[in-house]
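Participant: Letter by letter, the chains look like this.
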Amino acid sequence: MNRQQEYESLRQELSAPAPAEEHTLMRALARNRRRKRILRPAAGLASAFACFVLLVNFCTPVAYACAGIPFLRELAQAVTFSRSLEDAVRHEYAQPVNLVQTDGGVTAKVEYLIVDQKQVNIFFRLESEQYENLDITPTVRQADGSFAPACYGLNHYEVPNGTLQSMTVDFTEEDVPETLRLEFEVRSRESWVATEEAPAGATGEAPLLSDVQEALPGAVAKFDFLLQFDPAFTAMGEKLAVGQTVTLDGQKITLTELEIYPTHLRINVEDDAGNTAWLKRLDFYIVADGKKFDKIANGITATGSTESPMMTSYRADSIYFYQADRLSIVITGAEWLAKDMETVRVDLSAGTADRMPEGAELWKVDKKGEGYMVTVRAAMRKPNAFHQVFGSSYYDASGKRYEFNRWSSGTSVEGGSEQEGYFYETFPLLRYPYSEVWLSPSYSSAWVAPQPITVVVK
Amino acid sequence: MSAEEFAQRIEQIRHKLYKTALLYIGNETMAADLLDEAVYKALKGYKKLRQPEFFDTWVTRILINECHSERKRRKRQISLDELPETATEQFDALPLREAVRLLPQTLKEVVILRYFADYTLAETARALQIPQGTAATRQRKALALLRLELEEGAL
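Heads up: the protein sequence lines correspond to chains A and B, in order.
If you use the numbering used here, the first sequence corresponds to residues 13 to 470, in order.
If you use the numbering used here, the second sequence corresponds to residues 24 to 178, in order.
Taking lysine-lysine and the BS3-like style, the derived pairs with C-alpha atoms no more than 30 Å apart in a straight line are:
(1) B:71 x B:39
(2) A:470 x A:303
(3) B:39 x A:412
(4) A:412 x A:292
(5) A:376 x A:412
(6) A:307 x A:292
(7) B:67 x A:251
(8) B:95 x B:64
(9) A:470 x A:264
(10) B:64 x A:412
(11) B:95 x A:412
(12) B:95 x A:351
(13) A:251 x A:264
(14) B:64 x B:39
(15) A:234 x A:121
Just so you know, the hints here were simulated from the structure itself, not pulled from any lab data.
Bear in mind that the values here come from a model prediction, so they are computed numbers and not experimental data.
Whole structure, please, built from the sequences with the hints as guidance.
Facilitator: Set out below in structure tokens:
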């Protein structure tokens, strides 16, 4: 290849955006926000609750809301996936809104909000005489249409028309703003299935190998709502200092503080520079005046930072509505990623790996076209529960990063049989020309505490 | 410039900035860090920008300054990561990407902005705060070292 050709090739190589640059602006906004934030003094649970009670007595809209027993009953049925939200509804912590729009034969109604300083839960329903089954794709933006620094997702799928359903918008670093713009694109489920049955450019290969993007069917309706939050709700939240260091499986972890919101509780942790592994999962529960609060099982369970693989904040059901005089965190286990195992080398020709996460084995490597299909087998942690063995990033010998964006998990693979207690994870390395690859384990080992470790907060 | 305009402009030039940092520093993680730092500094200062029409070159200058700072930090840790202009045989022997990275700093910046970030000569000169004539001279020298023949219309 001459220099000119090298130049063209290098330009082509650099033309695709890298995953690392994707959230640059969000990180800058979060960093700027931390610089500007004035920490609010921690308010006692009692005073925060008193504030809410005063509002009920003196503020007509909120008083009206709490008097509406039927709405609370229906809302209670829509929050059974979350103990925190169930508690919130039981304590009448909900903001009714009445936003209705009709488009393309579909009526969308945004009816209630459960919102606090860090999270917005939006309750809505879709109705239509024209379409039997509707799917929704939400987008959340700032009121001016710009990017909102939040994660969001639906809490229910394939919901019958007319049923109250919900989505959660979570602000990890930033606070919930005064307003948000909520956009819905609504599709008929029947047209979606028809599209899947006849995708353009189907190769006949396993879907994992196809890099043909399935075309989305057109939206039958679009909606754009401006949500305004009662500041009495978004101001609430409490921080409790913990400041205690524990040794888990030989690694030092400091529990720095608890953040307590009506919708969830966060335990923030830091590690020690001398640790040999990153904390990836913490198994724990909270005990407040003898009552047990579990870690969150649905939705966001933990968050980390971009600075290391460590997960630095863990979520649990909230104790917000319980005035606890005694509070403890009980740790029962953890999962780690060894610092010398952030990547593992796999010989694709020989089908061998230098190391594998605990409980997992490299099952097979198949050459497929210009790339490979890699299958691993791992022990289930609970019956019929799959977990992610490898992250989506992988590297060649020069350190160049690639990503796969599809993978499959199941209890059997093509040509294989089921093995009780195990599952298979398969992912493609599309157009990967080398015989070695460095994969990114999600973890290296798990640890169960011989005895639960109790950290007394108060 | 409004916050929304800032966000839109950053999204438009983000990849160009990343490529610049990557070719300058030669490491993806570090390039992402430099991009983060530059965007953060631009976020803190964009409201004071008197000529928003020069936003792109202004942010690029911030990025180049961050690359310079990183290069100085590395100089303290390892031997200088750069070949002299006279090392023509060594440049010839290197893959192009590595050859660009090892160019003398003043030549490297011009060739990255001109032929990978697709700035015009005028924009490159403004971003680097040098006269256009100087930019043109450095461009010629860099292309000669890299054995590349690229005209204005090569992009």
